[in-house]
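J.: Listed below are the residues making up each chain.
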Amino acid sequence: MEEIYAKFVSQKISKTRWRPLPPGSLQTAETFATGSWDNEENYISLWSIGDFGNLDSDGGFEGDHQLLCDIRHHGDVMDLQFFDQERIVAASSTGCVTVFLHHPNNQTLSVNQQWTTAHYHTGPGSPSYSSAPCTGVVCNNPEIVTVGEDGRINLFRADHKEAVRTIDNADSSTLHAVTFLRTPEILTVNSIGQLKIWDFRQQGNEPSQILSLTGDRVPLHCVDRHPNQQHVVATGGQDGMLSIWDVRQGTMPVSLLKAHEAEMWEVHFHPSNPEHLFTCSEDGSLWHWDASTDVPEKSSLFHQGRSSTFLSHSISNQANVHQSVISSWLSTDPAKDRIEITSLLPSRSLSVNTLDVLGPCLVCGTDAEAIYVTRHLFS
Amino acid sequence: MEELDGEPTVTLIPGVNSKKNQMYFDWGPGEMLVCETSFNKKEKSEMVPSCPFIYIIRKDVDVYSQILRKLFNESHGIFLGLQRIDEELTGKSRKSQLVRVSKNYRSVIRACMEEMHQVAIAAKDPANGRQFSSQVSILSAMELIWNLCEILFIEVAPAGPLLLHLLDWVRLHVCEVDSLSADVLGSENPSKHDSFWNLVTILVLQGRLDEARQMLSKEADASPASAGICRIMGDLMRTMPILSPGNTQTLTELELKWQHWHEECERYLQDSTFATSPHLESLLKIMLGDEAALLEQKELLSNWYHFLVTRLLYSNPTVKPIDLHYYAQSSLDLFLGGESSPEPLDNILLAAFEFDIHQVIKECSIALSNWWFVAHLTDLLDHCKLLQSHNLYFGSNMREFLLLEYASGLFAHPSLWQLGVDYFDYCPELGRVSLELHIERIPLNTEQKALKVLRICEQRQMTEQVRSICKILAMKAVRNNRLGSALSWSIRAKDAAFATLVSDRFLRDYCERGCFSDLDLIDNLGPAMMLSDRLTFLGKYREFHRMYGEKRFADAASLLLSLMTSRIAPRSFWMTLLTDALPLLEQKQDDDIETTKVEMLRLSLARNLARAIIREGSLEGS
Chain V
1 MEEIYAKFVS
11 QKISKTRWRP
21 LPPGSLQTAE
31 TFATGSWDNE
41 ENYISLWSIG
51 DFGNLDSDGG
61 FEGDHQLLCD
71 IRHHGDVMDL
81 QFFDQERIVA
91 ASSTGCVTVF
101 LHHPNNQTLS
111 VNQQWTTAHY
121 HTGPGSPSYS
131 SAPCTGVVCN
141 NPEIVTVGED
151 GRINLFRADH
161 KEAVRTIDNA
171 DSSTLHAVTF
181 LRTPEILTVN
191 SIGQLKIWDF
201 RQQGNEPSQI
211 LSLTGDRVPL
221 HCVDRHPNQQ
231 HVVATGGQDG
241 MLSIWDVRQG
251 TMPVSLLKAH
261 EAEMWEVHFH
271 PSNPEHLFTC
281 SEDGSLWHWD
291 ASTDVPEKSS
301 LFHQGRSSTF
311 LSHSISNQAN
321 VHQSVISSWL
331 STDPAKDRIE
341 ITSLLPSRSL
351 SVNTLDVLGP
361 CLVCGTDAEA
371 IYVTRHLFS
Chain C
1001 MEELDGEPTV
1011 TLIPGVNSKK
1021 NQMYFDWGPG
1031 EMLVCETSFN
1041 KKEKSEMVPS
1051 CPFIYIIRKD
1061 VDVYSQILRK
1071 LFNESHGIFL
1081 GLQRIDEELT
1091 GKSRKSQLVR
1101 VSKNYRSVIR
1111 ACMEEMHQVA
1121 IAAKDPANGR
1131 QFSSQVSILS
1141 AMELIWNLCE
1151 ILFIEVAPAG
1161 PLLLHLLDWV
1171 RLHVCEVDSL
1181 SADVLGSENP
1191 SKHDSFWNLV
1201 TILVLQGRLD
1211 EARQMLSKEA
1221 DASPASAGIC
1231 RIMGDLMRTM
1241 PILSPGNTQT
1251 LTELELKWQH
1261 WHEECERYLQ
1271 DSTFATSPHL
1281 ESLLKIMLGD
1291 EAALLEQKEL
1301 LSNWYHFLVT
1311 RLLYSNPTVK
1321 PIDLHYYAQS
1331 SLDLFLGGES
1341 SPEPLDNILL
1351 AAFEFDIHQV
1361 IKECSIALSN
1371 WWFVAHLTDL
1381 LDHCKLLQSH
1391 NLYFGSNMRE
1401 FLLLEYASGL
1411 FAHPSLWQLG
1421 VDYFDYCPEL
1431 GRVSLELHIE
1441 RIPLNTEQKA
1451 LKVLRICEQR
1461 QMTEQVRSIC
1471 KILAMKAVRN
1481 NRLGSALSWS
1491 IRAKDAAFAT
1501 LVSDRFLRDY
1511 CERGCFSDLD
1521 LIDNLGPAMM
1531 LSDRLTFLGK
1541 YREFHRMYGE
1551 KRFADAASLL
1561 LSLMTSRIAP
1571 RSFWMTLLTD
1581 ALPLLEQKQD
1591 DDIETTKVEM
1601 LRLSLARNLA
1611 RAIIREGSLE
1621 GS
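Protein sequence lines correspond, in order, to chains V and C. Numbering-wise, my numbering puts 307 at position 307 of the first sequence, and it's gapless, one number per residue. Numbering-wise, my numbering puts 1504 at position 504 of the second sequence, and it's gapless, one number per residue.
Any given hint could turn out to be false.
Calculated lysine to any residue pairs in the SDA-like style (CA-CA distance at most 20 Å, straight line) [as the list claims (entries may be wrong)]:
id, chain 1, residue 1, chain 2, residue 2
1, C, LYS1218, C, TRP1258
2, C, LYS1476, V, GLU40
3, V, LYS258, C, ARG1455
4, C, LYS1449, V, GLU40
5, V, LYS7, C, LYS1070
6, C, LYS1070, V, LEU67
7, C, LYS1070, V, ALA6
8, C, LYS1070, V, ASN39
9, V, LYS7, C, MET1113
10, C, LYS1476, V, ASN39
Okay, the calculated bits of chain V under chain C, using three or more residues with CB under 8 Å as the criterion [to be verified]:
id, region
11, 191-204
12, 365-371
By construction, these hints were calculated from the structure, which means they are not laboratory data. Even glycine gets a Cβ: it sits at the ideal position worked out from N, Cα and C.
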């Protein structure tokens, strides 16, 4: 992978997300949002990698990312999602969930809506009110689902003042991340290593399914669903292990892959090339997992300057997997399928907290206060 | 003890009337708390102090500068790279690596300077603009000093190349030449420009003789009358012997050639060849190294070290490093001419020319408000093996002392503490214990931050800190009724005692409510169950309930029996266990359960008898 631009931005980046492109658009990603943490004043910022008048010889864009606008955010930015083209939802360590609106005409951000007591340990009514950090947020227009350290799940709807649905004490431990499976179903991961599936059509406060690892109850920090196959989910754990799950089959993961040396903070399937997976970790590295089936054809001699290793699948408890599954992530034949892993950052830095991919573009943020962007992910 | 180097600066606290009331203060890790008390010095004390605020005073404001943060982060990466340089490398390859590191640091300083300069220009508020500009000049001074240290201490340029490096150094830092050059060349008639001769002079002063020749040729074209002498001057400039980087001539050869050339210039002076053009005549005198002529150009030279380098260029180009300080001291004296006294920067540079590294570092420490510069420079010089183990009276050496100070300053910042960790790692004597003390005091407001701190502690085998942090988080979780989180923290810390506490909470909840809370946790304990006996009991007891619910009475009964006999049940729970046994005793099932029932009866009867005897005994005894 060729150019990766680094820029030091004087704030530790906790989350970064590409702005989604309008459906059917042929453009590449141009704008991304970042959230900072651990500062006395934290900010949500919008950056652009668009053309600044410097076109290089083959028409590509040059130069690093420029700040468009930013807005003060109370508390650490724990999670960030684009709700639609103009709105960004941010989860705060103060337990507040905020929707920011971007005004492209004058390049400003403003607060559009806010749920200030979305997450708390003891409620706003009591004298000893204590808030709890909101750890994860996921959007599916018009719904927003949030989870927090209080083990609570909230379902909000944009422009509704109160939560549409709240599941109190959904979990006795901290919920770290949430993702949508099929539309009325969400999947959460918690700090005792369990995946729980919740169906909003059901009335009760119990999950419809619980999956977990058999061994040590290692906390799970991140989760992402396969873009095309809604039953395939990847999770990253505190020991840096990447697990692939098939939620229709049994209660245990399909694959366990030893990955990073420390907590894995984010895992993402590439939205248009789901044979590619990206993970980033506290150990300061960002890995690109390539499970595309033509891997053996690729010559390993052309990887100058990159460290890449071949890893064969290690699989546990494959008893119930159907042979008709087409995703190579769930494949049962270790001899045939090899995953190529490439480390994308030039040198080890402090923790890489966040990453996002869209098309050929990747952005990531670190605790060394740097943002890295590349526009040529697959070259 | 150290002597005071000057009068301490006075900082006035707004709103506090120190003449009337006494002030109170307390030291923190990097800051000071100050407030006004109600104790009056002379009159009767009032009820409340007139100023209601508590002030936090920070000496180090640089740490809070947005632009300087980039300096701290980038240099952190360079620092780590330097520490990891292979110790086995010696000689040329090591030196070139160290020079590269030095250049990296310098480029980071320059990048910061650039950015701050842009901000200073764009600042709307003039006071802000001035502040940024003064920051720029501080950074520029830092880079100047670092560059000189690189030439003298790291590159260790010998006589010959030494002068070339010093020339580069001066050219880099006296940069008005470029704007002047652009001005003059851009005009219609360069040789008639007001500053034309200034430009030529300063080019000569900086040893940029090729460019000076080009200027002179323009003058020759413009006024044919002086074409002849311009040509002669141009020839002189062209033929001045100078050591070029790839040149193989020895120093002696160069000296000889230079001597010849110098004499030729002398002859031209004696012959008054350039008498018709005062400009050219003064250029000739400059090229002869005439001090008076050089001093006439004070304004163009702008500082004494430029004067020094020019003087060396034209009077002793093969100067040896050890002779530098004679020239330096005299240059400073001549340039200042007794009109002004040397500034701190001048003293630092002088100390560098005298190869007194310790003095350089000491003066920089006093002059600068932040430890960044001296810490990184000293560390680099230490890697060049230039610092003797200069032991300070509290036991660590200078490099370590400065790094500790710098890292402690980072820990006082809410965000930059993560950088400080790596600096402590490379302080062999006091680094670890300093880290242990600092890391426990980082406020942990989210679990994610706590996880990062724990990871740092675990990587360094700081088990005490891991245990104490996990215990704090587990207690918080218990107080917030997040029993799953509490258990997860106890597992991470392998804290059996806390796991027991959490299990007791669960069991107590069960007794009060008659059912288990958080079944998702208890049902799925897995191997974590082995952490503490109480936890194992909890898991097994829940399993017993599950079996009973599934009507697997045989299994349930044997499990209950094993729970009773294994002694992991807490005393308080015995009644509950026996009560649970009762319905099983009523069951009419197969033989296995008959044996179990008999066992249970025997056990409970024995226990009851034991208790009865004890009670009887104690009653009789009393």
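J.: Decide, hint by hint, whether the structure agrees.
T.: Status of the hints after comparison with the structure:
no.: 1; hint: C:LYS1218 - C:TRP1258; result: violated, 27 Å
no.: 2; hint: C:LYS1476 - V:GLU40; result: violated, 23 Å
no.: 3; hint: V:LYS258 - C:ARG1455; result: holds, 18 Å
no.: 4; hint: C:LYS1449 - V:GLU40; result: holds, 15 Å
no.: 5; hint: V:LYS7 - C:LYS1070; result: holds, 9 Å
no.: 6; hint: C:LYS1070 - V:LEU67; result: holds, 16 Å
no.: 7; hint: C:LYS1070 - V:ALA6; result: holds, 12 Å
no.: 8; hint: C:LYS1070 - V:ASN39; result: holds, 15 Å
no.: 9; hint: V:LYS7 - C:MET1113; result: holds, 16 Å
no.: 10; hint: C:LYS1476 - V:ASN39; result: violated, 23 Å
no.: 11; hint: 191-204; result: holds (count 4)
no.: 12; hint: 365-371; result: holds (count 4)
Consistency with the previously given hints fails for numbers 1, 2 and 10, ordered from lowest to highest.
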